[in-house]
Amino acid sequence: MSPFLAVVRRDLLIARRQGGGSLLAVAFFVMVAALFPFAVGADPATLRRVAPGVIWVSALLATLLSLDRLFQADFEDGSLDVLALSPQPLFFTVLAKVLAHWLVVGLPLAVASPLVGILLNLPVEAFPVLVAATLIGTPALSLVGAIGAALTAGIRRGGVLVPLLVLPLYIPTLIFGVAATADPAHAAEPLMLLGAVSLVSLVLAPLASAAALRLALE
Amino acid sequence: MPNAGIIGLTVDHLTCRRGEHEVFAGLSCSVHPGDVLYLRGPNGAGKSSLLRILAGFIAPAAGAVGWEGEDVAIDPLAHRSRLHYVGHLDTLKPVLTAAENLRTQAAMLDEQADVETALRRFGLDNLRDLPARFLSAGQRRRLALARLVAVARPLWLLDEPTVALDAASVERLETLVAEHRDTGGMAVIATHTDMNLPGAYTLELEGRQRVPAP
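Residue numbers (my numbering), protein chains in the order written: chain A, 31 to 248; chain B, 10 to 223.
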């Protein structure tokens, strides 16, 4: 087993043993979205209009929920030292941890997104695009989130800083995700841009996170 | 100056600065295959900092760490792949069992890891399926040290490895260090207690205590 897969399997095993990671994110996602009919009124036309935005904002917040512990837990118990001695560049170690995070949080959110679509009266024809958009967009959320998680890994109570660091960087994903979901007939262009955001994050976010983790190792 | 032909680890005029404070300066020493180097000195003398510099976690403010005559900063990945660092923290996940903790760590460090031997050597066989949160401080320590056996690497950097260990476990560790030396391994050990390791060298770190003026 390559060190990359070893890190992925380790984080999945820890998530499974700790329990609740996926369930918590999905429950939070559904609950936040379910608040909106109470807040803006149950008028189907209004809900249909706000649905894409609400779904994406809820997905961003649900991703943030678990991000602060991504590296902090390993920093606190010293595991970060062991991760750093893995015979692969820190870039790939970070990427492996992000992949595990996406499998635990991002993927279940994408799967659960039609449920939230139903709650918010999203047109049925938008569901395939919604699932595609969340599948393409959530990797960027985990990747960019890792930068914030790495920067705050060594700071006590640093978790509260993660949303402040990360939410502004989520705006491109939010814009293109909502654009695709709101207009399923013309979703190709925003979906491609959403994919571009994820691909750029795939290259830059592990670099930035690895640099931040090196500071945490000092 | 680092030269080709030098075998082992060399420390060349190393200066360590933490924030504004200079911890030590101009430190030189070398560790050859089969050597054990004790780091001794008062609290705050820089023993842990030196170990983290040797591990490549901290960049020295001046000077260099060399391996086989070459500055380790040239290829940090190769350096990190040849060493073990066991610090104060136990590096254990409370939700995983003892065996799972060691197996996951070893798999990240090397594809061919011998987890079973490592558990046996540290007397952790019968605790293998116990979640790490139920282990005592000494058992946690042994489990953290077990990766030294599970994954073979030539350079061991140990920061007070005997803390919380009982006499029998200290003896086990001494035996392992001796075997490690026999195969050409090296160990740098920061410690306040005496370990039974014949022929070990000692590096005294002075510590620059800031004494207030009378």
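Hints are computed from structural coordinates only; laboratory data are not their basis.
These numbers come from a predicted model, not from an experiment.
Glycine is no exception: its CB is placed at the ideal position from the N, C-alpha and C atoms.
One thing to keep in mind: the hints can contain errors.
As the list claims (entries may be wrong) - Estimated spans, in silico, between C-beta atoms of each pair: (1) A/230 to B/175: 30 to 40 angstroms; (2) A/186 to B/37: 31 to 41 angstroms; (3) B/26 to A/205: 40 to 50 angstroms; (4) B/179 to A/226: 27 to 37 angstroms; (5) A/213 to B/138: 35 to 45 angstroms.
Consistency of the hints with the structure:
no., hint, verdict
1, A/230 to B/175: 30 to 40 angstroms, "54 angstroms, violated"
2, A/186 to B/37: 31 to 41 angstroms, "36 angstroms, holds"
3, B/26 to A/205: 40 to 50 angstroms, "45 angstroms, holds"
4, B/179 to A/226: 27 to 37 angstroms, "58 angstroms, violated"
5, A/213 to B/138: 35 to 45 angstroms, "55 angstroms, violated"
Consistency note: the structure conflicts with the earlier hints numbered 1, 4, 5.
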